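Asks: Make the full structure from the sequences, and use the hints.
If you read the sequence shown in the numbering used here, its first letter stands for residue 195, the second for the next number, and so on.
If you are wondering where the hints come from, they were derived from the structure by calculation, not from laboratory data.
These numbers come from a predicted model, not from an experiment.
One thing to keep in mind: the hints can contain errors.
Using 20 Å as the maximum straight-line C-alpha spacing, the simulated SDA-like pairs for lysine to any residue come out as follows [as the list claims (entries may be wrong)]: (1) Lys258 / Leu279; (2) Lys244 / Arg282; (3) Lys244 / Thr211; (4) Lys261 / Phe215; (5) Lys233 / Leu220; (6) Lys244 / Phe198; (7) Lys222 / Gly277; (8) Lys222 / Glu281; (9) Lys261 / Leu279; (10) Lys244 / Gly277; (11) Lys244 / Glu283; (12) Lys261 / Pro202; (13) Lys244 / Arg203; (14) Lys244 / Leu220; (15) Lys244 / Thr201; (16) Lys267 / Arg245; (17) Lys212 / Phe250; (18) Lys267 / Ile228; (19) Lys261 / Gly232; (20) Lys261 / Met271.
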Amino acid sequence: MGDFNVTPRSQGYELITKAYFDTYMLAKDIDNGITVRGKIDGWEKSPLDKRIDYIFTDGNVRIKSSKTIFNSKTEEMISDHFGVLVERE
195 MGDFNVTPRS
205 QGYELITKAY
215 FDTYMLAKDI
225 DNGITVRGKI
235 DGWEKSPLDK
245 RIDYIFTDGN
255 VRIKSSKTIF
265 NSKTEEMISD
275 HFGVLVERE
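Replies: Okay, structure coming up:
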């Protein structure tokens, strides 16, 4: 889990998901998945809102939900990246 600095549908994401499952994609209940808003260094030419923080698993587990936290909507922001909270079934 953590900041992988790749967006979904990128070459890096495709490489990771050959061996691991993205818990966001497995979850039955999700939010928009955005983990970074606005301009950040190195991403000047990409969309402002992006999902670059993930929780991966090596097994196809049942995931009830995947939500971002510490995003100023659910809790106060504590970093320029939002947290990812996953609940297993």
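Asks: Against this structure, judge whether each hint is valid.
Replies: So, going through the hints one by one against the coordinates:
no., hint, result
1, Lys258 / Leu279, "holds (11 Å)"
2, Lys244 / Arg282, "violated (24 Å)"
3, Lys244 / Thr211, "holds (18 Å)"
4, Lys261 / Phe215, "holds (16 Å)"
5, Lys233 / Leu220, "violated (28 Å)"
6, Lys244 / Phe198, "holds (12 Å)"
7, Lys222 / Gly277, "holds (19 Å)"
8, Lys222 / Glu281, "holds (10 Å)"
9, Lys261 / Leu279, "holds (5 Å)"
10, Lys244 / Gly277, "holds (13 Å)"
11, Lys244 / Glu283, "violated (27 Å)"
12, Lys261 / Pro202, "holds (16 Å)"
13, Lys244 / Arg203, "holds (12 Å)"
14, Lys244 / Leu220, "holds (19 Å)"
15, Lys244 / Thr201, "holds (7 Å)"
16, Lys267 / Arg245, "holds (16 Å)"
17, Lys212 / Phe250, "holds (11 Å)"
18, Lys267 / Ile228, "holds (12 Å)"
19, Lys261 / Gly232, "holds (19 Å)"
20, Lys261 / Met271, "holds (14 Å)"
The earlier numbered hints that this structure contradicts are 2, 5 and 11.
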